[in-house]
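Here are the chains, one letter per residue:
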Amino acid sequence: MPSPPSEPPRPFESEAFCLGRGETVELPFEKVALSAPNEETRLEWLEMSLLFEGVYRHYGVDFRAYSPTILLRRLRRRMEAEGVPTISALQDRVFRDPQCLGRLVDDLTINATSMFRDPSFFLAFREQVVPVLRTYPFLRVWHAGCATGEEVYSLAILLTEEGLYDRTRLYATDVNESVLRRAREGIYPLTKMREYTVNYQQAGGQRAFSDYYTARYDAALFDPQLGRHVVFARHNLVTDGGFSEFHVIFCRNVLIYFGRPLKERVVGLFYDSLARGGLLALGRRESLRFTSHESRFEPFVASERVYRKVSL
Amino acid sequence: MSGRGDGRGDGKVGGGGVELLVVGASWGGLVALQRLFRSFKRPLPYAVALVQHRGRDSGDALVEALASACVMPVVEVEDKAPLAAGQIYLAPADYHVLVGVGEFALSTDDPVSFSRPSIDVLFESAADAYGARCAGLVLTGANQDGVRGLGRIKRFGGPTLAQDPGEAESPILPGAAIASGVVDRVLALDDLAVALYGLGRA
Numbered sequence: 305m306p307s308p309p310s311e312p313p314r315p316f317e318s319e320a321f322c323l324g325r326g327e328t329v330e331l332p333f334e335k336v337a338l339s340a341p342n343e344e345t346r347l348e349w350l351e352m353s354l355l356f357e358g359v360y361r362h363y364g365v366d367f368r369a370y371s372p373t374i375l376l377r378r379l380r381r382r383m384e385a386e387g388v389p390t391i392s393a394l395q396d397r398v399f400r401d402p403q404c405l406g407r408l409v410d411d412l413t414i415n416a417t418s419m420f421r422d423p424s425f426f427l428a429f430r431e432q433v434v435p436v437l438r439t440y441p442f443l444r445v446w447h448a449g450c451a452t453g454e455e456v457y458s459l460a461i462l463l464t465e466e467g468l469y470d471r472t473r474l475y476a477t478d479v480n481e482s483v484l485r486r487a488r489e490g491i492y493p494l495t496k497m498r499e500y501t502v503n504y505q506q507a508g509g510q511r512a513f514s515d516y517y518t519a520r521y522d523a524a525l526f527d528p529q530l531g532r533h534v535v536f537a538r539h540n541l542v543t544d545g546g547f548s549e550f551h552v553i554f555c556r557n558v559l560i561y562f563g564r565p566l567k568e569r570v571v572g573l574f575y576d577s578l579a580r581g582g583l584l585a586l587g588r589r590e591s592l593r594f595t596s597h598e599s600r601f602e603p604f605v606a607s608e609r610v611y612r613k614v615s616l
Numbered sequence: 056m057s058g059r060g061d062g063r064g065d066g067k068v069g070g071g072g073v074e075l076l077v078v079g080a081s082w083g084g085l086v087a088l089q090r091l092f093r094s095f096k097r098p099l100p101y102a103v104a105l106v107q108h109r110g111r112d113s114g115d116a117l118v119e120a121l122a123s124a125c126v127m128p129v130v131e132v133e134d135k136a137p138l139a140a141g142q143i144y145l146a147p148a149d150y151h152v153l154v155g156v157g158e159f160a161l162s163t164d165d166p167v168s169f170s171r172p173s174i175d176v177l178f179e180s181a182a183d184a185y186g187a188r189c190a191g192l193v194l195t196g197a198n199q200d201g202v203r204g205l206g207r208i209k210r211f212g213g214p215t216l217a218q219d220p221g222e223a224e225s226p227i228l229p230g231a232a233i234a235s236g237v238v239d240r241v242l243a244l245d246d247l248a249v250a251l252y253g254l255g256r257a
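So the protein sequences, as listed, match chains Y and D. For the numbering used here, add 304 to where a residue sits in the first sequence, where the first one is 1. For the numbering used here, add 55 to where a residue sits in the second sequence, where the first one is 1.
Keep in mind that the hints were calculated from the coordinates and are not lab data. Model, not experiment: these values are computed from the prediction. Heads up, none of these hints are tricks.
Restraint-style ranges between C-beta atoms, simulated for each label pair:
1. D:Ala139 / Y:Glu549: 37 to 43 Å
2. Y:Asp411 / D:Ser123: 37 to 43 Å
3. Y:Pro493 / D:Gln89: 35 to 41 Å
Backbone N, C-alpha and C fix where the C-beta goes; we use that ideal spot for every residue, glycine too.
Could you build all of it, start to finish, from the sequences and the hints given here?
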């Protein structure tokens with residue numbers, strides 16, 4: 305459960321709010337509320353903006369720059385599960401019951417992931433990115449928004465097979481402590497292994513996928529050796545800054561949950577955190593188009609949304 | 056037929072006409088969509104967002120098959136892409152597509168009705184963002200994903216259409232929408248183009 309911040313949050317400003325690094329980001333709710341098509345949706349957007357303002361002030365947890373469209377969908381799911389008819393009723397419960405806040409935070413921060421998600425991406429990584437990585441004596445990789453860690457272990461497997469893992473340090477971060485705990489354990493449902501095995505093979509896997517895990521009852525425990533160069537740590541892309549210089553940053557299907565101004569800021573953070581010629585891997589339908597950072601990167605594997613930092 | 060009032064934003068069909076058409080199709084959708092698209096002789100005066108149920112590994116073949124049948128450009132949705140009139144936006148494999156204010160959002164949340172992309176997810180978000188300025192159309196399909204979303208469009212006063220289940224390769228989706236009472240007009244594919252051009256008029 306998130307604890308209240310040590311300092312009181314800054315007063316709410318209607319146009320923008322302050323982030324940890326003294327920057328401001330425009331809040332998407334304002335624009336949305338202004339263009340609401342009817343009374344019902346206008347009221348709902350208002351309730352949503354009040355809820356997240358309140359959650360920020362009361363608990364110090366900040367969702368105000370997330371994508372309003374996706375927040376609304378996920379809120380409705382939480383309302384259904386809680387059996388409350390309105391966002392205002394949900395707000396009442398969230399304010400008075402920290403466990404309800406915990407459930408809401410989980411709904412809003414846990415993103416589904418799987419091993420070797422988009423096999424063609426991992427195949428391209430193996431064939432086109434690995435040759436570049438071989439030229440480095442030491443590799444630093446940041447997996448931003450790693451969720452329950454499936455892609456972290458996928459990458460560890462891939463780098464092991466390519467003989468690069470022993471010179472790699474993988475920093476896997478997420479905002480949600482409970483998913484990080486699960487990521488550290490490396491235990492996934494056995495029922496998923498059939499799908500993951502197919503993904504692994506399509507991604508150019510060279511061994512029997514079952515070599516990497518031990519089946520126990522209905523769970524697959526991944527080889528703890530795969531985690532030996534991984535540092536799992538909490539990091540909040542909304543408020544935290546950079547913490548090292550990386551050769552590769554993975555951030556696949558995370559920025560889709562942020563509003564445009566926050567996405568802008570985070571891509572800027574990635575740019576600043578990449579070494580010269582470093583690579584940024586996004587999800588298959590994400591891109592740097594529609595951001596101001598487009599010219600600061602060049603496509604490296606265009607079809608798989610791998611970009612290379614252009615040093616100006 | 057839904058009302059044709061002037062009151063923009065009060066739940067009636069807007070004075071500015073439709074700004075977004077959302078289309079949902081499942082089993083048999085490719086053939087139906089190609090036939091529909093071939094009947095467009097000029098671009099529609101609003102944006103079109105389309106969910107065709109598809110496997111998570113389906114590649115570029117679908118967008119190419121649709122583009123080759125259409126006078127309008129057909130593109131797969133990218134995150135935060137703006138909506139433009141006269142364009143057809145296809146939901147990519149393995150993502151939900153949502154419509155925000157003037158731009159798309161993508162999500163990898165759990166499948167809805169076993170589907171990702173899901174028709175309901177697109178339709179409900181489009182109704183929330185565009186209200187009566189959003190029109191909905193369901194074509195052939197073998198499950199009921201889309202019925203709930205079409206209901207939301209109808210409730211906000213947007214025009215709702217369904218392919219005639221009698222000619223649909225799979226009548227379950229349009230049939231269920233009609234049975235739920237959320238469809239304004241039931242039309243054969245060959246009659247849809249005329250109706251769709253009409254939606255853009257004030």
